[in-house]
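Quick mapping for you: the protein sequence lines, in order, are chains A, B and C.
The UniProt record's numbering applies: residue 1 is where the first sequence begins, and numbers increase by one.
The UniProt record's numbering applies: residue 1 is where the second sequence begins, and numbers increase by one.
The UniProt record's numbering applies: residue 1 is where the third sequence begins, and numbers increase by one.
Check the hints yourself; a few may be wrong.
From chain C, some residues computed to sit far from chain A (all C-beta separations above 12 Å) [stated by the list, open to error]:
(1) 36
(2) 116
(3) 160
(4) 283
Just some of the chain A residues that point at chain C, by a computed CB distance under 8 Å [unchecked claim]:
(5) 175
(6) 179
(7) 204
(8) 208
(9) 231
Treat the hints as calculated values from the structure; they're not laboratory data.
Since we're looking at a predicted model, the values are computed, not measured.
All C-beta atoms, glycine included, are put in the ideal place defined by N, C-alpha and C.
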Amino acid sequence: RRIMRPDDANVAGNVHGGTILKMIEEAGAIISTRHCNSQAGEPCVAALARVERTDFLSPVCIGEVANVSAEITYTSRHSVEVQVNVMSENILTGAKKVTNKATLWYVPLSLKNVNKVLEVPPIQYARQEQEDEGKKRYEEQKLDRLETKQRNGDVIFPVINPEPHTVGYSQSSLIHLVGPSDCTLLGFVHGGVTMKLMDEVAGIVAARHCKTNIVTASVDAINFHEKIKKGSVITISGRMTFTSNKSMEIEVFVDADPFVDDSRERYRAVSAFFTYVSLSKDGKPLPVPQLLTETEDEKRRFEEGKGRYLQTKAKRQAQMQQAAQQ
Amino acid sequence: RRIMRPDDANVAGNVHGGTILKMIEEAGAIISTRHCNSQAGEPCVAALARVERTDFLSPVCIGEVANVSAEITYTSRHSVEVQVNVMSENILTGAKKVTNKATLWYVPLSLKNVNKVLEVPPIQYARQEQEDEGKKRYEEQKLDRLETKQRNGDVIFPVINPEPHTVGYSQSSLIHLVGPSDCTLLGFVHGGVTMKLMDEVAGIVAARHCKTNIVTASVDAINFHEKIKKGSVITISGRMTFTSNKSMEIEVFVDADPFVDDSRERYRAVSAFFTYVSLSKDGKPLPVPQLLTETEDEKRRFEEGKGRYLQTKAKRQAQMQQAAQQ
Amino acid sequence: RRIMRPDDANVAGNVHGGTILKMIEEAGAIISTRHCNSQAGEPCVAALARVERTDFLSPVCIGEVANVSAEITYTSRHSVEVQVNVMSENILTGAKKVTNKATLWYVPLSLKNVNKVLEVPPIQYARQEQEDEGKKRYEEQKLDRLETKQRNGDVIFPVINPEPHTVGYSQSSLIHLVGPSDCTLLGFVHGGVTMKLMDEVAGIVAARHCKTNIVTASVDAINFHEKIKKGSVITISGRMTFTSNKSMEIEVFVDADPFVDDSRERYRAVSAFFTYVSLSKDGKPLPVPQLLTETEDEKRRFEEGKGRYLQTKAKRQAQMQQAAQQ
Numbered sequence: 001r002r003i004m005r006p007d008d009a010n011v012a013g014n015v016h017g018g019t020i021l022k023m024i025e026e027a028g029a030i031i032s033t034r035h036c037n038s039q040a041g042e043p044c045v046a047a048l049a050r051v052e053r054t055d056f057l058s059p060v061c062i063g064e065v066a067n068v069s070a071e072i073t074y075t076s077r078h079s080v081e082v083q084v085n086v087m088s089e090n091i092l093t094g095a096k097k098v099t100n101k102a103t104l105w106y107v108p109l110s111l112k113n114v115n116k117v118l119e120v121p122p123i124q125y126a127r128q129e130q131e132d133e134g135k136k137r138y139e140e141q142k143l144d145r146l147e148t149k150q151r152n153g154d155v156i157f158p159v160i161n162p163e164p165h166t167v168g169y170s171q172s173s174l175i176h177l178v179g180p181s182d183c184t185l186l187g188f189v190h191g192g193v194t195m196k197l198m199d200e201v202a203g204i205v206a207a208r209h210c211k212t213n214i215v216t217a218s219v220d221a222i223n224f225h226e227k228i229k230k231g232s233v234i235t236i237s238g239r240m241t242f243t244s245n246k247s248m249e250i251e252v253f254v255d256a257d258p259f260v261d262d263s264r265e266r267y268r269a270v271s272a273f274f275t276y277v278s279l280s281k282d283g284k285p286l287p288v289p290q291l292l293t294e295t296e297d298e299k300r301r302f303e304e305g306k307g308r309y310l311q312t313k314a315k316r317q318a319q320m321q322q323a324a325q326q
Numbered sequence: 001r002r003i004m005r006p007d008d009a010n011v012a013g014n015v016h017g018g019t020i021l022k023m024i025e026e027a028g029a030i031i032s033t034r035h036c037n038s039q040a041g042e043p044c045v046a047a048l049a050r051v052e053r054t055d056f057l058s059p060v061c062i063g064e065v066a067n068v069s070a071e072i073t074y075t076s077r078h079s080v081e082v083q084v085n086v087m088s089e090n091i092l093t094g095a096k097k098v099t100n101k102a103t104l105w106y107v108p109l110s111l112k113n114v115n116k117v118l119e120v121p122p123i124q125y126a127r128q129e130q131e132d133e134g135k136k137r138y139e140e141q142k143l144d145r146l147e148t149k150q151r152n153g154d155v156i157f158p159v160i161n162p163e164p165h166t167v168g169y170s171q172s173s174l175i176h177l178v179g180p181s182d183c184t185l186l187g188f189v190h191g192g193v194t195m196k197l198m199d200e201v202a203g204i205v206a207a208r209h210c211k212t213n214i215v216t217a218s219v220d221a222i223n224f225h226e227k228i229k230k231g232s233v234i235t236i237s238g239r240m241t242f243t244s245n246k247s248m249e250i251e252v253f254v255d256a257d258p259f260v261d262d263s264r265e266r267y268r269a270v271s272a273f274f275t276y277v278s279l280s281k282d283g284k285p286l287p288v289p290q291l292l293t294e295t296e297d298e299k300r301r302f303e304e305g306k307g308r309y310l311q312t313k314a315k316r317q318a319q320m321q322q323a324a325q326q
Numbered sequence: 001r002r003i004m005r006p007d008d009a010n011v012a013g014n015v016h017g018g019t020i021l022k023m024i025e026e027a028g029a030i031i032s033t034r035h036c037n038s039q040a041g042e043p044c045v046a047a048l049a050r051v052e053r054t055d056f057l058s059p060v061c062i063g064e065v066a067n068v069s070a071e072i073t074y075t076s077r078h079s080v081e082v083q084v085n086v087m088s089e090n091i092l093t094g095a096k097k098v099t100n101k102a103t104l105w106y107v108p109l110s111l112k113n114v115n116k117v118l119e120v121p122p123i124q125y126a127r128q129e130q131e132d133e134g135k136k137r138y139e140e141q142k143l144d145r146l147e148t149k150q151r152n153g154d155v156i157f158p159v160i161n162p163e164p165h166t167v168g169y170s171q172s173s174l175i176h177l178v179g180p181s182d183c184t185l186l187g188f189v190h191g192g193v194t195m196k197l198m199d200e201v202a203g204i205v206a207a208r209h210c211k212t213n214i215v216t217a218s219v220d221a222i223n224f225h226e227k228i229k230k231g232s233v234i235t236i237s238g239r240m241t242f243t244s245n246k247s248m249e250i251e252v253f254v255d256a257d258p259f260v261d262d263s264r265e266r267y268r269a270v271s272a273f274f275t276y277v278s279l280s281k282d283g284k285p286l287p288v289p290q291l292l293t294e295t296e297d298e299k300r301r302f303e304e305g306k307g308r309y310l311q312t313k314a315k316r317q318a319q320m321q322q323a324a325q326q
């Protein structure tokens, strides 16, 4: 449990999605590290491998208390699935509401040899179905991780004098030198720190495009293929890929440059899609100016984004119908 | 000297008591580490062993400057007593007022071997009485530390659907992964970091109970029996033990789980009582809803809290009478 | 690129000059460390040796995005000159303005042996003039660094019951324990961290003197002669040296006490002059109360400050005339 403090908030008073993502990951890292060390054997630290798609159901405001709870829901031989729930509580009224539900996958790395993945102590399931469903989720995410690993990395180039509402107009990037307070005991960046920076860049892109107050609506699945070492410089870049009437999709890349280490080149560490919405001063969704696509690549990415948007929309409607029928 | 910044403040603009406690401890750690290294010999770091009861005489507001001064007032063979004073200064009016007076005890630990307590260079006293009074304080705190070491640790369990104003309704806990920036050169958590987190939890408990703006009024003596190592997870839990007409007493526990270290179980590292008051928007004390006790344990703790409350009240009245007679 | 957050701002909403200085230094450290590691050889970290005089052309406000860009403009055998530009962008209006232009000098230190200065890979110049001008700047700063190294260190003593507007009335100091998050990979304090603390002290001195909202107007050249090691205690002290009608000059000293290291005494690590202006609520410059000098030393320092003030003023007028003629 944590009090949301003023420095975690954007100008209009909501808590940045990135702060919530960081809290979620901290909770996941703690519960899975604790579990993986629960049996005698080599000490280890759980490293984030993947976060499933996350929806931000309602914004958390300053002065509210965020309740984070976490549960281990599945274990494979080498990985742990954690379910994290975030509830926000208005202390003055006592009102609570669900803010986020997130699913994270962790892998235990040996404290003595960071390249060694240890075995995970198995959990007990109340019913056989739980294990079967967990196994299905495990196989699905494994497949998706393999696929995205091969996706080729794109680079964002600066544009001179871009027109408003084009991709070049709102694209943004920031650099960050990885310090000790960003890192785990193994000397690698916490997944939550990376996600917070990614949300920061995505937020700047969204704000530049629509020039209003914006909030994170959802984050697509994020895979952490490559560890980022202390002392690296990371470049986080974002560009808008798609707009619907009331939402913006932003693609974010994280590139790591371990420049004090001779043996490695700059590499793409993480990439993800963030969806943002624009809000009026009283918190109502506003229409979003349409993204102007210019190049063939931009048009292709817009269509791909539209595909993801329609797929998510269809899935949500199916869930609502299912819920209505029950 | 430090400027109090917006992120150190609660919603109504006062500076959190926990931030003041952290500043006090930083000052104490610096002056005692400097003193213990003032003679040739093994280099060492002073570790916090105990903080005496501290009253928050007046709240510090944002934009005010806090002046922290520290003085070594007694040395035993293996420990240092430091007196820290905090004054707040309104830069615009120049008005100053005493905010806190705190007494802390430190023990020098060798930088080469953390389990080795070194000898403290003796200080010179202006008068023999000063040494005698210091020795009396030293014996008293030693006795109290021994006593509280044996006090058995309690655990706070969650309550399903608690009624307002019961103990279960406001009890709270947070977890924190101990990172490098929380630690001293020896890799153990700064006492001030622990106290800041304790105050944060106590503040949430108090706010949940009375649903108003609240501030720290005092902290009872805190003993630091056990060091907490980098990489541990600490759980800070708080529950209300007693309410008077205008104050709330909250008991806070700190449990450490050094889960990457095979050789140790989860242990109780620190516990303490915080007293909070409820304030109206113009800073006047408000009546506090009475705590509803349900179990025998809760009723017993309420009576014990009442005992501490009456004892403190009597002590304060005796001091005021003494002051009036002088 | 970074969003300025509420905790980086002073009460009236502008971003502290110190935060800008820290961002500038981070950008400089990243680009020069990357450059010095661009050829096979010993890995190294670029350490800040000097910052040239910097003017704060316009304040950055909360909610604005600061764009920091950096370029290597000259390399000598053992040092790198970096030009950093800061632009602030109002996301809602899209308006951009130049906030700072800074020139920094870095020296590559070996990661394996911190006392070994490595060679810098040479850069290519578009025109011979660029190299010649760079060489001239290199020689000038080298001379200035040599000169200031010999300048004898002054100490600031507390004054009992000082009168308003005297030097003793506003002088201030703060202490800071150097933690891991303040340090580079080599375990020495980032130059940007030191500059941020220096600006904090200078701001307190300025606010105490004129009791209004104040902002950093410029910082004179700062030379970093001595590294400051993790675990040291640093004392940052500031005193006013000169006032013009609308500006205040504050001298700031940084003294390091490596007290867990037997072999070293407390030493003067850095010193610099900061210029502040006083602003009304709508951001207009206010007249500043004249500094009352009492001792011979204070009068001498006032005259020296006046010399620096007049020199800067003459230089700026010459530049404006030159610009008008072009």
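Each hint, compared with the structure:
no.	hint	verdict
1	36	violated, 9 Å
2	116	holds, 15 Å
3	160	holds, 38 Å
4	283	holds, 19 Å
5	175	holds, 6 Å
6	179	holds, 6 Å
7	204	holds, 6 Å
8	208	holds, 6 Å
9	231	holds, 5 Å
Taken one by one, the earlier hints fail for this structure only at number 1.
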